[in-house]
Amino acid sequence: MEKIYGKHAVLEAVAKRPDCVIAVYADERYYSEPVLQGTSVKALNKEMIMKLPKDAVHQGIVAEINIEKLLKDFKTWKYELTEVDPKTSVVALAELNDPQNIGAIIRSAVAFGASAILVQEHRGAGITAATIKVSVGTIFAIPIVVVSNLNSALKDLQGKGFWVYGLDMEGEPLNKEHFTKPTVIVVGNEAEGLREKTREHCDTMLAIPMTGPAESLNAASAATVALYAWSTQN
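Take 1 as the starting number for the sequence shown in our numbering and just add one per residue.
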């Protein structure tokens, strides 16, 4: 069980994934909220607030959710991909350790029309309350697919017609790519980037051309730029 907080995160959870919501706690200003009608809402008290992180911007509303119900097994998700539209895109997260980066990438993926997020079962930060908060509740609008072996999952997706792109400073220029096939965008670790083995499972490595003095972008910014580039072609 995980506590999430903030107006957008909680209301999106109730609206999009009520099956994940265990309980909602709110102050009286939310009692007439249309999304919460039909949901049992308990009074948010000081004791509950004290259990939140010290810097939590809760906005007077908290929910307890079952994270496990939010996650989807890769095998189940894969077998549902009977026909893959060329305009499909998936974002694969390779050992990202910052929950805020993950949340920001999810928000961008939803904004630009991605179909799913792949997260690793045993590597990286996973899905936390902080991730959900940063995603501004958009996490409830996209499948979060858990893979036990990312490289194996990429190979499976290639077998279904996906073209796998890895983001790397030494890759081909992103702005020259046309994205004509179903797409997987692989985002690497914040400090180390993609492991060599994962790079070997990518069909193309893409680099983001930059003209300013900055040497690189962080993982979330790079993913957002790549998703925007994909969306302009689709």
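For the record, the hints were derived by calculation from the structure and aren't laboratory data.
Some hints here could point you the wrong way.
Claimed, not checked - Restricting the straight-line Cα-Cα distance to at most 27 Å, the calculated cross-link-like pairs of lysine-lysine (DSSO-like) are:
#1 Lys46 <-> Lys72
#2 Lys197 <-> Lys72
#3 Lys3 <-> Lys87
#4 Lys78 <-> Lys160
#5 Lys7 <-> Lys87
#6 Lys54 <-> Lys75
#7 Lys181 <-> Lys42
#8 Lys72 <-> Lys160
#9 Lys176 <-> Lys72
#10 Lys54 <-> Lys87
#11 Lys42 <-> Lys87
#12 Lys176 <-> Lys75
#13 Lys7 <-> Lys78
Here's how the hints hold up against the structure:
1. Lys46 <-> Lys72: violated (34 Å)
2. Lys197 <-> Lys72: holds (25 Å)
3. Lys3 <-> Lys87: Distance ~35 Å between Lys3 and Lys87 Cα, so the pair is violated.
4. Lys78 <-> Lys160: holds (9 Å)
5. Lys7 <-> Lys87: violated (32 Å)
6. Lys54 <-> Lys75: Violated - the C-alpha atoms of Lys75 and Lys54 are around 39 Å apart, more than 27 Å.
7. Lys181 <-> Lys42: Measuring from Cα to Cα gives roughly 48 Å; hence the hint is violated.
8. Lys72 <-> Lys160: At roughly 19 Å apart (the allowed maximum being 27 Å), Lys160 and Lys72 satisfy the hint.
9. Lys176 <-> Lys72: Outside the cut-off at roughly 34 Å; violated.
10. Lys54 <-> Lys87: violated (42 Å)
11. Lys42 <-> Lys87: This hinted pair is violated, its Cα atoms lying about 43 Å apart.
12. Lys176 <-> Lys75: Outside the cut-off at roughly 33 Å; violated.
13. Lys7 <-> Lys78: violated (33 Å)
Of the numbered hints stated above, those contradicted by the structure are hints 1, 3, 5, 6, 7, 9, 10, 11, 12 and 13, listed in ascending order.
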